[in-house]
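Colleague: Could you put the whole structure together from the sequences, leaning on the hints where they help?
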Amino acid sequence: MASKTAAKDIITLRGSAAIVSEFFGYAANSILYNRGVYPEESFSKVKKYGLPMLLTQDEGVKSFIASLTSQLSEWLEAGKLQRVVLVIMSKASGEVLERWNFSIETDGEVIEKGVSREKSDKEIMREIQAIMRQIASSITYLPCLDEPCVFDVLAYTDKDVSVPFTWIESDPKLIANPQMVKLHSFDTKIHKVDTLVSYKNDEWDEE
Amino acid sequence: MDAGSTVTSSSNAKNQSRCPLQDQLLKKRNSRENLDRFIPNRSAMDFDYAHYMLTERKGKENPTAASSPSREAYRKQLAETFNMNRTRILTFKNKPPTPVDPIPHDFTSAQPSKAAKSRRYIPQTSERTLDAPDLVDDYYLNLLDWGSSNVLSIALGNTVYLWDASSGSTSELVTVDDEVGPVTSISWAPDGRHVAVGLNNSEVQLWDSTANRLLRTLKGGHRSRVGSLAWNNHILTTGGMDGQIINNDVRIRSHLVETYRGHNQEVCGLKWSASGQQLASGGNDNLLHIWDRSMTSTNTPTQWLHQLQEHTAAVKALAWCPYQGNLLASGGGGGDRCIKFWNTHTGACVNSVDTGSQVCALLWNKNERELLSSHGFTQNQLTLWKYPSMVKMAELTGHTSRVLFMAQSPDGCTVASAAADETLRFWNVFGVPQVAAKAAPKANPEPFAHINRIR
Chain A
1 MASKTAAKDI ITLRGSAAIV SEFFGYAANS ILYNRGVYPE ESFSKVKKYG LPMLLTQDEG
61 VKSFIASLTS QLSEWLEAGK LQRVVLVIMS KASGEVLERW NFSIETDGEV IEKGVSREKS
121 DKEIMREIQA IMRQIASSIT YLPCLDEPCV FDVLAYTDKD VSVPFTWIES DPKLIANPQM
181 VKLHSFDTKI HKVDTLVSYK NDEWDEE
Chain B
1001 MDAGSTVTSS SNAKNQSRCP LQDQLLKKRN SRENLDRFIP NRSAMDFDYA HYMLTERKGK
1061 ENPTAASSPS REAYRKQLAE TFNMNRTRIL TFKNKPPTPV DPIPHDFTSA QPSKAAKSRR
1121 YIPQTSERTL DAPDLVDDYY LNLLDWGSSN VLSIALGNTV YLWDASSGST SELVTVDDEV
1181 GPVTSISWAP DGRHVAVGLN NSEVQLWDST ANRLLRTLKG GHRSRVGSLA WNNHILTTGG
1241 MDGQIINNDV RIRSHLVETY RGHNQEVCGL KWSASGQQLA SGGNDNLLHI WDRSMTSTNT
1301 PTQWLHQLQE HTAAVKALAW CPYQGNLLAS GGGGGDRCIK FWNTHTGACV NSVDTGSQVC
1361 ALLWNKNERE LLSSHGFTQN QLTLWKYPSM VKMAELTGHT SRVLFMAQSP DGCTVASAAA
1421 DETLRFWNVF GVPQVAAKAA PKANPEPFAH INRIR
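First to last, the protein sequences are chains A and B. The first sequence begins at 1 in the working numbering and counts up by one. The second sequence begins at 1001 in the working numbering and counts up by one.
Below, simulated PhoX-like cross-link-like pairs (lysine-lysine); rule was C-alpha separation at most 20 Å, straight line:
1) A:Lys62 - B:Lys1093
2) A:Lys91 - B:Lys1095
3) A:Lys62 - B:Lys1095
4) A:Lys122 - A:Lys189
5) B:Lys1093 - A:Lys159
6) A:Lys200 - A:Lys173
Bear in mind the hints are in silico, worked out from the structure with no lab data behind them.
Modeller: Set out below in structure tokens:
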């Protein structure tokens, strides 16, 4: 966010990529906390987006998310990232139970011509705050994850992207016949992020 | 819309029950006649055809057209993922660390597995029904037994039949004379080879079922019919209408070894505990006695360990719990209708349940904590109870008269019930044979193998 001039509310591609990748980091932490993928006591509270946010203190998870966000930021700046999906799977069976889907629309003109857009920091923060609140409240309708779970992150990129050394190609890890809930979206005027959570249809709920 | 309203109001009044294709040709000709102006000619319209076109064809061609928004979104997503040449899905080679939290998740994961051990399916109808003509309809007799060699014996009138459960073949063991008959009780020795037959004339015959040979006749003990029999190794205990209970040592010439006097009316229920230490006897005098072997004396009649007077009708149904040695279940007759549970060490009544009808027989499930009872009027049913909660798990109906006798297969899965409706029914009530598959081959080996193991 160094290249952003707060006074004029000008947002550059670089700044937008930083906001979006930072958002992914916090969103991933929030999902892992709220969905109980990692034990509650491994998270600590920080203030962010005007909300108390929880960040993992587990070194392994921390470094995973850090390397994730730095790579995402790179792709976002190149305008090659289409979607990021956080998948929650059963530890025992590997069955996909939840997919947190963040679709990204990139303003092509900004990428090509290097122009910047105008949007106030505050406004973006308010939009992100709404998503974070929704993630936290999602436990009210998402089915209970009553078994040990693991997570993974999928990045949907353009075909011409070269696969980084630490990455491999993956299957989409879809859920058959899922339930879907669309959450709020936020827009930096350069990157627009739509959030959607799909989850395994819980037979017990059908009445 | 006009079309919409006409379709919905389409009546079957003009339904010519014709093929849709023919109707279409007819309609085309009509419309050509009125080319100048569009005047809806309802009489010429075929609403059935229109309805068919609007509904049926759509359904046939687009079978999945009607769908929820979520399904549509999913399809969109699918299309996107199939459109792989535009997208690359990447993921880290190194996966995030898997969470390690020992207690809470282990606990929760243990819960569903417990729930997964779901209720076993209990067939509501009998698996097999055999005819049992001339079965004596007498509550005080014991005419059915299933031996350890998987052969069922049943007394029908003067005749004892053997039904081999392994092969399904029937053979006749003996037909007694009218002077001594009918047969009033039957019981397999633990070896599954010898069978004791109590008779109306107070005698007891011992038969070798494999050789089909009468080995000996026990007489001189009872003064009237022998309605109940119970084996304890080489001791055959007989209960008579005279209220006497006699222990016979079948190996020795003077077989009368002990006499238990405590009943003043017919003894109809007689069961040794699995340990062979305690004998439960029930009589028509509403009494239930517990006798202990350690209290036997040779010269004077043995005193009972407990005299239990809580039943208010004849006590015939007796069953020792297979997993708790001092627990006895007893069922009362028509005036009592109760199943009572006893601690036979202390003589305390542990529980009592009013079943609402005469209790004729009781059997414990060897594999689960369950008790099966057979009943008389009004339902003539078999009731499966969960123990100790005594929640009814199943009511098996089918018999049309009181279910007098029950016997359990050696593997513990199948129950045979004989009723006054002169049928013998087999119920798969105590679990599927697969569950007990390991126990089954053990249960019906060669008859001799069994003798070696028991002795």
